[in-house]
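Number of protein chains: 2
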Amino acid sequence: MSRIITISRQYGSGGREIGKKLSEKLNIPFYDNALIEKAAEESGLIPAFFEDTERHAGNSLLYALYRGSQMDHFGMSVLSMEDNIYLAQSNVIRKVAEEGPCVIIGRCSDYILSDMKNVVSIFIHADLEFRKERAVRIDGVDPAKAESVVLTKDKRRQNYYNFHTDRKWGIAKNYSLCLDSGLCGIDRAVEVIYSYISGLD
Amino acid sequence: MSRIITISRQYGSGGREIGKKLSEKLNIPFYDNALIEKAAEESGLIPAFFEDTERHAGNSLLYALYRGSQMDHFGMSVLSMEDNIYLAQSNVIRKVAEEGPCVIIGRCSDYILSDMKNVVSIFIHADLEFRKERAVRIDGVDPAKAESVVLTKDKRRQNYYNFHTDRKWGIAKNYSLCLDSGLCGIDRAVEVIYSYISGLD
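Chains as they are written, first to last, in our numbering: chain R, 1 to 201; chain V, 1 to 201.
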């Protein structure tokens, strides 16, 4: 049960809430976007992440940029601020994962940690109505704009993942477990993930 | 718990065995490829399936063929034998699903039954080594050819699914639950699916 659990999720599917409840049930740390962003800011944006992950990162566009063209002919870095933020956040994700079992939400964490043996990667999705209702009730989204907000947020998450990895977001075979939280509900989703990891050594 | 459970699966992932054990645990009928093929043969290949599923099938190429071009200008059917077999098997799948809770393996059953409210669709996958080992041990595949056999069988399943539906095989959001049986093992996979459907009314 000493596992790192990463959770990717469609917007409004309750992935963050499921992850929080799971971390409480397992009594392990919980890292969401806000915590990872804060830690990355405080780290000084040093991209030490790639020092020990050459093999892993070998196929990504970002890695190619980093290796092949990190400096242009004036000696300036060609990595954008967004790239540097991604590298710093990746560094934070590897650091917390190496400290021990935890739950990490989003930020390509399943991909960043895919060379670690004890990672269980989860993908949470749900039907549009379930996600619109949560967007309105929990995030205060204007009901008239809920559908557009949900779909746009998903598009951004998908683009972020597909840009930073050599995988496609939401392809079942890339995750240990994927589930529809709209059908089973938030609390049952926690139980199902718990059941899955209970069987692992 | 009165659910129809469909199981799609990568070759060698143990999806059929998981489905069989689940049906025994739930004490409901189990239909695999062999049973569906046999029932379809006995049915006389009558494509009654589409009579009540116009809306559902509206996007599929096959349905377009069936509706728009069933007869060519000589009055001959343009549906191939393969298409007729698919229609007859679809008919069998709908018939057994309407009879009550059961487990159905493969044959696009998740798609064929997607207009029914009480369907839980599962997708089982596993890493290549796990699947090669099962192909050799259970299906008697030549170890030297195991990788090629596994990948070719998957390609066929994917092509079959993508041709007969308007979906892509193995996209997480199209299934209620997807899991990696190579990581958790066959018996745990049964428990995880059981946990998922236990939460449904």
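Incorrect hints may appear among the rest.
Claimed, not checked - In silico PhoX-like links for lysine-lysine, alpha-carbon gap of 20 Å or less: (1) Lys155/R x Lys153/V; (2) Lys168/V x Lys168/R; (3) Lys173/R x Lys38/V; (4) Lys173/R x Lys155/V; (5) Lys168/R x Lys145/V; (6) Lys168/V x Lys155/R; (7) Lys145/R x Lys155/R; (8) Lys153/V x Lys173/R; (9) Lys153/R x Lys173/V; (10) Lys168/R x Lys155/V.
These are computed hints drawn from the structure, not numbers from a lab.
Hints, verified against the model:
Taking the CA atoms of Lys155/R and Lys153/V, the gap is about 32 Å. The hint is violated against a cut of 20 Å. Restraint check: the Cα-Cα separation between Lys168/V and Lys168/R comes to about 13 Å, which is no more than 20 Å; the hinted pair holds. Distance check on the hinted pair: Lys173/R and Lys38/V sit about 31 Å apart at the alpha-carbon level, beyond 20 Å; violated. Our distance criterion of 20 Å between C-alpha atoms is met by Lys173/R and Lys155/V, whose separation comes to about 14 Å.
Between the alpha carbons of Lys168/R and Lys145/V the distance comes to roughly 29 Å, so the proposed pair goes past 20 Å and is violated. Distance check on the hinted pair: Lys168/V and Lys155/R sit about 18 Å apart at the alpha-carbon level, within 20 Å; holds. Proposed proximity of Lys145/R and Lys155/R is supported: the alpha carbons are some 15 Å apart, at most 20 Å. Between Lys153/V and Lys173/R, the direct Cα distance comes to roughly 16 Å. Compliance with the 20 Å bound is thereby established for this hinted pair.
Our distance criterion of 20 Å between C-alpha atoms is met by Lys153/R and Lys173/V, whose separation comes to about 16 Å. Of the supplied pair hints, the one linking Lys168/R and Lys155/V holds, its CA atoms being roughly 18 Å apart against a limit of 20 Å.
The structure fails hints 1, 3 and 5 (numbered hints given earlier, in ascending order).
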